[in-house]
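There are 4 protein chains.
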Amino acid sequence: MERIVLAYSGGLETSAAIPWLRDACGAEVITVTVDLGQGGELEEVRDRALAAGAVRAHVLDLREELARACIVPALKAGAMLDAGAPLALALGRPLVARALLTITGIERATAVAHGSSGRGPHPGALDTAIRGLNPALRIVAPAREWAMTRQEIFDYASRRHIPVPALSSPFSVAGNLWGRSITSADLDDSWTQPPDELYVLTKPPAERPSEAACVEISFERGVPAAINGVAMPLLDLISSLTTIAGAHGVGRLDLVERRPSGRESRIVHEAPAAVVLHAAHADLEAFVTIAEVERFSRIVSQQYAELIASGLWYSPLRTALDAFVDRVQERVTGVVRLELFQGGCRIVGRKSPHAGCGDTAPTQPVVVGA
Amino acid sequence: MERIVLAYSGGLETSAAIPWLRDACGAEVITVTVDLGQGGELEEVRDRALAAGAVRAHVLDLREELARACIVPALKAGAMLDAGAPLALALGRPLVARALLTITGIERATAVAHGSSGRGPHPGALDTAIRGLNPALRIVAPAREWAMTRQEIFDYASRRHIPVPALSSPFSVAGNLWGRSITSADLDDSWTQPPDELYVLTKPPAERPSEAACVEISFERGVPAAINGVAMPLLDLISSLTTIAGAHGVGRLDLVERRPSGRESRIVHEAPAAVVLHAAHADLEAFVTIAEVERFSRIVSQQYAELIASGLWYSPLRTALDAFVDRVQERVTGVVRLELFQGGCRIVGRKSPHAGCGDTAPTQPVVVGA
Amino acid sequence: MERIVLAYSGGLETSAAIPWLRDACGAEVITVTVDLGQGGELEEVRDRALAAGAVRAHVLDLREELARACIVPALKAGAMLDAGAPLALALGRPLVARALLTITGIERATAVAHGSSGRGPHPGALDTAIRGLNPALRIVAPAREWAMTRQEIFDYASRRHIPVPALSSPFSVAGNLWGRSITSADLDDSWTQPPDELYVLTKPPAERPSEAACVEISFERGVPAAINGVAMPLLDLISSLTTIAGAHGVGRLDLVERRPSGRESRIVHEAPAAVVLHAAHADLEAFVTIAEVERFSRIVSQQYAELIASGLWYSPLRTALDAFVDRVQERVTGVVRLELFQGGCRIVGRKSPHAGCGDTAPTQPVVVGA
Amino acid sequence: MERIVLAYSGGLETSAAIPWLRDACGAEVITVTVDLGQGGELEEVRDRALAAGAVRAHVLDLREELARACIVPALKAGAMLDAGAPLALALGRPLVARALLTITGIERATAVAHGSSGRGPHPGALDTAIRGLNPALRIVAPAREWAMTRQEIFDYASRRHIPVPALSSPFSVAGNLWGRSITSADLDDSWTQPPDELYVLTKPPAERPSEAACVEISFERGVPAAINGVAMPLLDLISSLTTIAGAHGVGRLDLVERRPSGRESRIVHEAPAAVVLHAAHADLEAFVTIAEVERFSRIVSQQYAELIASGLWYSPLRTALDAFVDRVQERVTGVVRLELFQGGCRIVGRKSPHAGCGDTAPTQPVVVGA
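Chains as they are written, first to last, in my numbering: chain A, 631 to 1000; chain B, 631 to 1000; chain C, 631 to 1000; chain D, 631 to 1000.
Honestly, the hints are just simulated from the structure, not real lab data. It is possible that some hints are incorrect.
[To be verified] Calculated lysine to any residue pairs in the SDA-like style (CA-CA distance at most 20 Å, straight line):
{"id": "1", "chain 1": "A", "residue 1": "Lys-981", "chain 2": "B", "residue 2": "Ser-891"}
{"id": "2", "chain 1": "A", "residue 1": "Lys-981", "chain 2": "B", "residue 2": "Asp-819"}
{"id": "3", "chain 1": "C", "residue 1": "Lys-833", "chain 2": "C", "residue 2": "Ser-870"}
{"id": "4", "chain 1": "A", "residue 1": "Lys-981", "chain 2": "B", "residue 2": "Val-886"}
{"id": "5", "chain 1": "D", "residue 1": "Lys-981", "chain 2": "D", "residue 2": "Ala-843"}
{"id": "6", "chain 1": "C", "residue 1": "Lys-981", "chain 2": "D", "residue 2": "Asp-816"}
{"id": "7", "chain 1": "D", "residue 1": "Lys-981", "chain 2": "C", "residue 2": "Thr-813"}
{"id": "8", "chain 1": "C", "residue 1": "Lys-833", "chain 2": "C", "residue 2": "Gly-669"}
{"id": "9", "chain 1": "C", "residue 1": "Lys-981", "chain 2": "D", "residue 2": "Val-886"}
{"id": "10", "chain 1": "D", "residue 1": "Lys-981", "chain 2": "D", "residue 2": "Val-845"}
{"id": "11", "chain 1": "D", "residue 1": "Lys-981", "chain 2": "C", "residue 2": "Val-978"}
{"id": "12", "chain 1": "A", "residue 1": "Lys-833", "chain 2": "B", "residue 2": "Gln-972"}
{"id": "13", "chain 1": "B", "residue 1": "Lys-981", "chain 2": "A", "residue 2": "Ala-713"}
{"id": "14", "chain 1": "A", "residue 1": "Lys-833", "chain 2": "A", "residue 2": "Thr-873"}
{"id": "15", "chain 1": "B", "residue 1": "Lys-833", "chain 2": "A", "residue 2": "Ser-840"}
{"id": "16", "chain 1": "C", "residue 1": "Lys-833", "chain 2": "C", "residue 2": "Gly-974"}
{"id": "17", "chain 1": "B", "residue 1": "Lys-981", "chain 2": "A", "residue 2": "Thr-822"}
{"id": "18", "chain 1": "A", "residue 1": "Lys-833", "chain 2": "A", "residue 2": "Glu-850"}
{"id": "19", "chain 1": "A", "residue 1": "Lys-981", "chain 2": "B", "residue 2": "Thr-822"}
{"id": "20", "chain 1": "D", "residue 1": "Lys-981", "chain 2": "C", "residue 2": "Pro-825"}
{"id": "21", "chain 1": "A", "residue 1": "Lys-981", "chain 2": "B", "residue 2": "Pro-825"}
{"id": "22", "chain 1": "D", "residue 1": "Lys-833", "chain 2": "C", "residue 2": "Thr-758"}
{"id": "23", "chain 1": "A", "residue 1": "Lys-833", "chain 2": "B", "residue 2": "Val-886"}
{"id": "24", "chain 1": "A", "residue 1": "Lys-981", "chain 2": "B", "residue 2": "Gln-823"}
[Unchecked claim] Stretch by stretch, here's where chain B covers chain C in the computed footprint (C-beta under 8 Å, at least three residues):
{"id": "25", "stretch": "846-858"}
{"id": "26", "stretch": "943-953"}
{"id": "27", "stretch": "957-970"}
Bear in mind the structure is a predicted one, so any value in this text is a computation, not a measurement. Ideal Cβ positions, reconstructed from N, Cα and C, are used throughout, including at glycine.
Modelling step: build the complete structure from the supplied sequences, incorporating the hints.
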């Protein structure tokens, strides 16, 4: 019997996909759930997959890998959306793709599946990431083939006795340890502020401290290494900054993007650590590098962000851009001081061993030709 | 006797330039002082020019022209320095150049002169602007030819009995109605925050209101037209926003740029109206235009900023970029709501008649060829 | 009964699509064939559509529109593929999209269909063009839904008694009056030169004249207007240059592009008029505009080419880029002299009323503010 | 007595600069002449320096260094002027700057001098290169300070009994082993073809072979390594290609650039080896890399060319761009076959071990996080 490995989030679509894949493809379904710091009880997610008919349900903890192998390169590259929002979800996709391939190899499966619906700004990004790793593997995307509304999917799942979450919340939330994003038809009036209860990482104005907080972030060759002088692993550093900056309400973004069709898509982002780290890194980089490098680095940032969004992570374009970025980062060592207050994050000082002008001269010796 | 028209600010260098030009070039010196909203008593500046030996001293009020013909195009183009600082001084240079040429024509002078020293990031920008209007006109830049320190210039002026300001302040301040910038050797330690007394447009933290303010800015085809529903002329609108945003401490920027030589240059900017208007305009533009247009508009923004900084205002490059920008601005009509609080400025709503998707289709009728 | 309007080329895929659409969608099929100068007997194509079961078969002559509304803007923008190949096929797609919509309106159809298979570098370009005109219209692409090889499609058509061309030639040829392109599995060895018989517009080396030909092309605001001083309509001018340049073997290109999957795609282009006109236009533009404008114009060229290739013709991005380009073209008036010889095209002279430097100064009068 | 090291070409300006520097600066003048393959008898140049009053005259052979350290990186980066002309002169400037600094160190000199007049598209490029190596060193540019015409310089030199070349030729020629460029007031009529006698590396039409030549160029990681299968050192390879391509008249370029002032500058280039190598390299790179990499590589090419032209060779921008380029070059190994005929150079085949799609997948193993 054929085996399909399904990227499983525990939500409505991927839960309904389990019986659908079994019926439509005549295949055993094996699920993979990747822990990227999105929160929630992954043991329950695992149980739900088995209850929905999966023959096996894997859970992989790739949080450290997300931070080290995806978030840090994007931070060093200054890769953000044009309006200044960090890319969180999109940075997790390459790891979902790799997890699918790893389990496919272990389980000797013949196809992979995922719940991406083909809507949204980059509908094919996960497919592109999968093909970047294995151009030949068959990909099945049930949500693109069935033509069901969310209510119809819910009814389908109910008929199949699949345990799925109730359709109560009008908000669609996704995220990982680098940030959350919320979309909803209820947000469509761009004139109205999103309700405070959407935010879970950042405090509402009334609960924020009445005094500004100062935080010092140390970087080593572009990589965040310490907070207030205390060195810590990346996951701890991000988690710690999420708490500190979130307490002051830093990291909320309310963006509208418009598709070629003219349709607008409003996304509310919440990413305290990402906003603070991008601001600090950008300031330090500008402090230690010449203006000409900065100017081209911003062109690289834009290309890097497009690459992440479109799923081209596993491509020679990324490795070539990384080579540029890493050369620039050789000087990006130092400390940045930020003031966090009432939703704002302001740079108030920076220092670096590379601030002087001594080391801009070429390191190779001056050689006389003959 | 030859006549030279000197761009005169009333400061040390341009005051010393009056006798220097008379001696070195054997010329009558006629001064032009341009009112761009930099503040100060221009009548006194005029008297000082005459006291220093100018045969005539003109004062031109080009504030409305600065707003209409320079600031608005830069705002529509989203032209800012990479780190988000608006260009204020550089936007005034084209008008200084034009004033010099206008007076040169009236006075039948044979050369123009200015106090630019040839230091700073764009040492030749004013020359480039002048040449953009008249490639053949002779330009004299005394401060590039004499090799004097500020103290030596002061002594030279004293010996010539020229009334000049005392050398007391260590800070060099320049500005116009769009913003101020401050440089100083005293700011060289980038780890230390600039002293609060540097800022005159923005309140220090202790004096800011304890409640956020909401402000609604209306745009018509990219041009700011009203605040909180009250239509007002550009100069009033900028002045009003300077007051409102300044009260909340919005508009302070502390930037470091690095030259190819490795030398760093720290500039403190203060530009409340510019920061708020750029933020509001960018949000509205992203709201009404498709992502593909936004992406290319940011490339145009970067080129436009370089053009302003380098003095290429009077060039076919600007008129061609303006054509692109103006086409995009046809849809940038609407209202943006911002929250100003404790130095921060956050978009909390936007609306536009062009928000719907109906008008993306081409306006030309579908024609059948035969 | 539902009606579907099918873009019909007369080839195997679109011929097989007629019965397929009738069966799969239960719809009447109405075909549209657009004459873009691709050659062949369009009356025969029309008969074939009816023989295959179309209820009506329209043929629209959009050659003049292709030249005026698509080729000329691309020429003015300098929009070519990176390796210097002109975009021919892609420039015809917007007109195919518009023809589909025009006939859809006339026939009160509810969907459009086309033969694009979803392979190739820009599989969704025609869909994007259609959506740019009407985001809501249903699009059916039979070749993406059936999973048939060319041989299977042939067998299917034979079983349905559909008259289709024999599967003899291993080469897939497409084109219009701006150029032809040829792809084939037989071209996959990139080390081997394409066979001479692939080319129909350009003479093989042995048949080319032994003397170079000189040709002078006049442009008016970027639009080609005359050859050797003889003014002629665009279609005549392109046809005439195709003959002249083709006789000397000018306009052959042999390119390889590589997909993210790593798969290479070799395309042989033949476009004598396009190659000569792009070369002449680029030289004249550089001759009359300053280097700064040229540099940004090349960035615009690259974006314009991507826009054409990806189907974003009917988008605000094009109209905004056109505004930039048209401003630059105001000076692109003059004559370029080229030498055509043995496959090469070399600029040997250019003249223009805008060659002098007099008109770079701004045209607005210098105004004194007070 | 102070010592100044002068970059000495043996031409009129630098010859006149020797007595001028002695008089104006009261300094001993030491000359450095760098052999970059420009041709001519450098021993005679050395004698002329001494005859003009230099206390010592050094000649450094940096041809191999020019090829290896400057030409190859520019070739790998695809760095050309917009119109496709290779940068030859500008690639030699960094080595002139380094030679000046090397001799300055040996001779314990306190300043360097050069003959650059401050005209031309990048008047400060050599200064920028010198400052990139030593920001503090004093630079004297006599030709910018004296206000003499070429005739006046000639008369000045004659009065000082300095042996200088006669002012007979109206053409100003400069070059090195990578190419020659010719400027002249006699070329100002852009409608007229440059006279054939300007060209010394490329044969006139009448003397070219009547049969096309085929040449195969092998690259290893972007570096040209062999011609027709025969491996050879870079200098031999460039020299050999200059002969082969020059015989067929390949490598002539006739370009006009326009300054912001509106003044046009016509430059005739002759660079057979450079034109052929750039064409071959670009084709091979496109053959082995994906389209997304190619697109960004062209942005890098443009930035790299600007960097070379403006003298920013010794800057962190170049090393960062080199890191990008070198990563891309890892795949640029293979052979390109070109046809040279009657001034044209056409790619007719290419092959590479990296042509297949197997190696686009990431090389790191797929790791499971836990």
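Q.
Are any of the numbered hints broken by this structure? If so, which, sorted upward?
A. Hints 11, 18, 22, 23, 25 contradicted; others consistent.
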